[in-house]
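S.K.: Okay, here's what each chain looks like letter by letter:
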Amino acid sequence: MFLINCPFCGEREQSEFKAGGEAHIVRPKQPTELSDDQWAEYLFMRKNIKGIQFERWNHIHGCRKWFNMVRDTSNDEIKAVYKMGEKPPVK
Amino acid sequence: MTKNLRVKSSKLVDETYRISFKFNGTTYYGFKGDTLASALLANNIHLVGRSFKYHRPRGIMTAGSEEPNAIVQLHNGTSRTEPNVRATEIEIYEGLVATSQNCWPSVKFDIGGINNFLSPLLPAGFYYKTFMWPASFWEKYEYFIRKSAGLGKSPDVPDPDIYEHKYIHCDVLVIGAGISGLIAAKTAAKSGFKTLLVEEKSYLGGSTIYQDSEFFKINNQNSASWLEKEINEVKKIENLEIKTRTSVAAFHGYNFLLARENLTDHLPLEQRENKTRQRLLKIRAKKVITATGSIERPLIFDNNDRPGILLSSAIKKYADLFGVACGEKNILFTNNDSVYETAISLIQKGIKVQAIIDNREEIDSKLIKETEKNNIKIYKGYTIVDTFGYKRINSVSIMKLSKDGQKVIGSKENISCDSLGISGGWTPAVHLFTQSGGKLKFRDDDQVFIPNTYPSNQMSIGSCNGDFTLDEILINTPKLLKEFLNIKKTEYENIEIYSAFNKSKRNIWLLPSNKIVGKTKSFVDFQNDATAKDIKLALREGFRSIEHVKRYTTTGMGTDQGKLGNMHALGIISETASSKMGELGTTTFRPPYTPLTFGTIVGRNVGKYFDIIRKTPIHEWHFENKAEFENVGQWKRAWYYPQNGENMHEAVQRESKAARDSAGILDASTLGKIDIQGTDASEFLNRVYTNAWSKLEIGKCRYGLMLNEDGMVYDDGVTTRLDENHYIMTTTTGGAATVLGKLEDYLQTEWPELDVYLTSVTDHYATISVCGPNSKKIIQKVIPEIDLSDKDFPHMSFKNSKIGKVKCRVMRISFTGEQSYEINIQANYAKSVWENCMEAGKEFNITPYGTETMHLLRAEKGFIIAGQDTDATMTPIDLQMDWIVSKKKFDFIGKRSLYRSDTIREDRKQLVGLITDNPEEILEEGAQIVADMNKTPIEMLGHVTSSYFSPNLKKSIALGVVKGGKNMMGQKLIIPMEKKQINVTVTDPVFLDKENKRLNA
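In the order they appear, the protein sequences are chains A and B. Quick note, our numbering runs 120 ahead of the 1-based positions in the first sequence. Quick note, our numbering runs 1408 ahead of the 1-based positions in the second sequence.
Hints were generated in silico from the structure; no laboratory data involved. It should be emphasised that the depicted structure is a prediction, and the values quoted were computed from it without experimental measurement.
Computed list of lysine-lysine pairs in BS3-like fashion (alpha-carbon distance at most 25 Å, straight line):
{"id": "1", "chain 1": "A", "residue 1": "K138", "chain 2": "B", "residue 2": "K2150"}
{"id": "2", "chain 1": "B", "residue 1": "K2103", "chain 2": "A", "residue 2": "K149"}
{"id": "3", "chain 1": "B", "residue 1": "K1760", "chain 2": "B", "residue 2": "K1737"}
{"id": "4", "chain 1": "A", "residue 1": "K149", "chain 2": "B", "residue 2": "K2297"}
{"id": "5", "chain 1": "B", "residue 1": "K2296", "chain 2": "A", "residue 2": "K149"}
{"id": "6", "chain 1": "A", "residue 1": "K149", "chain 2": "B", "residue 2": "K2150"}
{"id": "7", "chain 1": "B", "residue 1": "K1574", "chain 2": "A", "residue 2": "K138"}
{"id": "8", "chain 1": "B", "residue 1": "K2374", "chain 2": "B", "residue 2": "K2269"}
{"id": "9", "chain 1": "B", "residue 1": "K1847", "chain 2": "A", "residue 2": "K170"}
{"id": "10", "chain 1": "A", "residue 1": "K170", "chain 2": "B", "residue 2": "K1849"}
{"id": "11", "chain 1": "B", "residue 1": "K1690", "chain 2": "A", "residue 2": "K138"}
{"id": "12", "chain 1": "B", "residue 1": "K2150", "chain 2": "A", "residue 2": "K167"}
{"id": "13", "chain 1": "B", "residue 1": "K1808", "chain 2": "B", "residue 2": "K1820"}
{"id": "14", "chain 1": "B", "residue 1": "K1695", "chain 2": "A", "residue 2": "K199"}
{"id": "15", "chain 1": "A", "residue 1": "K185", "chain 2": "B", "residue 2": "K2150"}
{"id": "16", "chain 1": "B", "residue 1": "K1808", "chain 2": "B", "residue 2": "K1927"}
{"id": "17", "chain 1": "B", "residue 1": "K2303", "chain 2": "B", "residue 2": "K2374"}
{"id": "18", "chain 1": "A", "residue 1": "K199", "chain 2": "B", "residue 2": "K1847"}
{"id": "19", "chain 1": "A", "residue 1": "K149", "chain 2": "B", "residue 2": "K2295"}
{"id": "20", "chain 1": "B", "residue 1": "K1637", "chain 2": "B", "residue 2": "K1419"}
{"id": "21", "chain 1": "A", "residue 1": "K199", "chain 2": "B", "residue 2": "K1694"}
{"id": "22", "chain 1": "B", "residue 1": "K2150", "chain 2": "A", "residue 2": "K207"}
{"id": "23", "chain 1": "B", "residue 1": "K2297", "chain 2": "B", "residue 2": "K2103"}
{"id": "24", "chain 1": "A", "residue 1": "K138", "chain 2": "B", "residue 2": "K1694"}
{"id": "25", "chain 1": "A", "residue 1": "K149", "chain 2": "B", "residue 2": "K2303"}
Required output: the full structure, derived from the provided sequences and hints.
M.R.: Have a look at this one:
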């Protein structure tokens, strides 16, 4: 079970959090102008990387804040956590 | 007939304290400190069980948690019964009752033993091969296979014991209190780390604590005496907590570990009342030191599974620690020096060693010389080729090994015995290390896997790290600790060590025999009866991956998880397939290391504590008025209120009629309530609901539909504008938490620029809904000061008011189609306001109704229930609710998806009403809907989502989803049931009061 360093609360057990899928997928500003394929790309297509992955997490049983995480999915090492809107601190 | 094989008292066993216990119906005696296994051996009992597949007689084989054979059923037929208890671990207590498993009628005469003679017909994969065809027979086969599957019996009544969970946080966790674990715990604690030391056994010191001979010395003392002094010091250290009888089950990432602490299993039953039996420790450690030791390997030869055959280290332990001789004529068989330690222990205690058979041709160590001095015959370069004795070994056949160890030469010699100790060297217990994600490397010198790369802040020390001898442990452990704990010095720098142990070993995974492999039964997995022959067969049949061979042959899949034989399986595979051991990898070690009881896993979360129960503030009234309750998520909701022995149907018919004819009252407190404030609150609602919100006046209510981004209906409810920048949103009961979560998600991640704040107020307000033609009169009596005239307070509007001194919010909204008012009031006043309403409504026969009537009333009006009439595939268009989807709004969640190629299909499933030809016939919810019964296959058009008998319309009504249903009005469809077909007509989903006259009646 991960020990997650919530950017707002500090280190907490994974059971306090909810994973929210891939990060940095921005909702299109003008969905009506998109083709079916473009909209489907936003709606359905997600990466499933073995290695460095950018993810959204929510401290659902804590401060309820969403934040981003950089995680190596091959060994579950959390490389970084950062607030929504911030640039990832690692590549 | 029973002999006493107690040879000498020991520190662990208290001979002044006699304990009686029952095994297979006979009463025996042991002493306090005995395990069930040591007590049985002292009574000369080896035969304790039958093997899983062939039902071969099996005896105690080990003295620890790795035991494959001696697993028993405790207290059969009582609420405390437990299967698969290792006799080698359970400590005896007054009143213990144990029975053998997997045998019938008894362990001595087992009918299933016939499988042993049928074994040529039962090769690896027998079940897979045999029961494949004809496929339609599987159901018949399955019954018999299931009957013979599984070990032991699970209890059939609730567990009377108490279990609990506990969190522990520490700087350093040390797993295993053998010599290296004790050194580590002492060093860590004395260096200022808050340390926890856990040990699965009841005593500290591991195998060194009974290593009491002049051949192993530390600082000129026998190693056992030296260690005893260490233990006495360790026990006094303040920031060191020691937990014995505590077995680590799982080592997860980020140094999170689960351990089972056994608190009462060693106590007499009557002393266990009201005590916690087992505790699941959830440990988060900054650093973990694994010192789990090593497990002795068996040797793989023909008939190596007879009762009386034990690991050599187990024979030593029973003699040294429990003062029990496993036999009076012992033979030891080895490929390394370990059995000579056993031999010397036995000699010291006057137990006869008949002979030693050593694979190695050339051997030379002080231990061996000492053994030879005692006139024990050592057969050098020999192997055992067969053993004899059905229920107890009585002799072995030995032959000389060829130089390359591939075959046997010369003539056979028989030696009689009553016990055989075997040693194939040692396997580091790396299970926990690999569970944590650690990667192993293979050490060719002595053919062992040892830790290589660590995934978290942890370290393995001692024999689980491949340091098997006393000198290796005492030299390497302090070095590793200094680096790991970042300290300069330990107490163990200038220690003098003397070890007579020589590390030479002649590793042969499968010992050769004078018979062909196909004629031998050389067991690799003792519990699951997997033999070397089975593994070779699997390879011949094309299996290559160790994971596949494991599953095909079931090697390592018993309750012991193959702690003894897995290495040999790997060895045999690599030899047969000519691959290198290290490259083959190992099977995956998964938690738990040893089995856990379900009780430990669930802890206190049993019975009414299984899940949270949420009750409304009016719950007590419903209870007192004999409501039946329905679980809605975690909520208990009043379902219906039976009167005078009514069944549900009768009660619901009465309640539904009363609500439309005069007045009904519903506790709607469970509806989710979200308080929305901020200057952008209107804009926010515009984006999350399908309809427009900007123009909603203060004091007005509006129904909203919420979609997922994929365009599918997610939740619905009425939202009220309380003030310019203040709304209160209601959600479905079940959707409250997820709707809030979804709204927060958009607010924080997509639209952080919006000034909006969300607060869940579901529990703060209770909601009392009064409906029906007389509702206005009742509310007027309860709240006299409020103006309820239709002009001043029309449908879909809201007013702040007061009941006495207590503020309340009144909304005129309706989920029934009747004129209806909802009073929202601070939760702690709710019950008295409810009672006021009941009192005020008495003259109008106000009738409390539950969720069932609520569902019926809304179905009459064709109102959907999100989650019942919708699943995650229904758009608002599919629901025939086009009116609620704004065409003008630029965007809202899910808008773009409403005109994807798939969502605009005409033949999507759409919500319709269904009227049965026979008005008395009530459809079953979930029933399939078809049009043509003659077509094959019959095309499923949809299914029934809601169905009731309407007392107000005096006929059966139903809602359903049907492919292209919108264009099928008036069409006849069929509901095929098991024994009949029901004819229905497709209609509009609104059955009652299409003109909404009743809202203002």
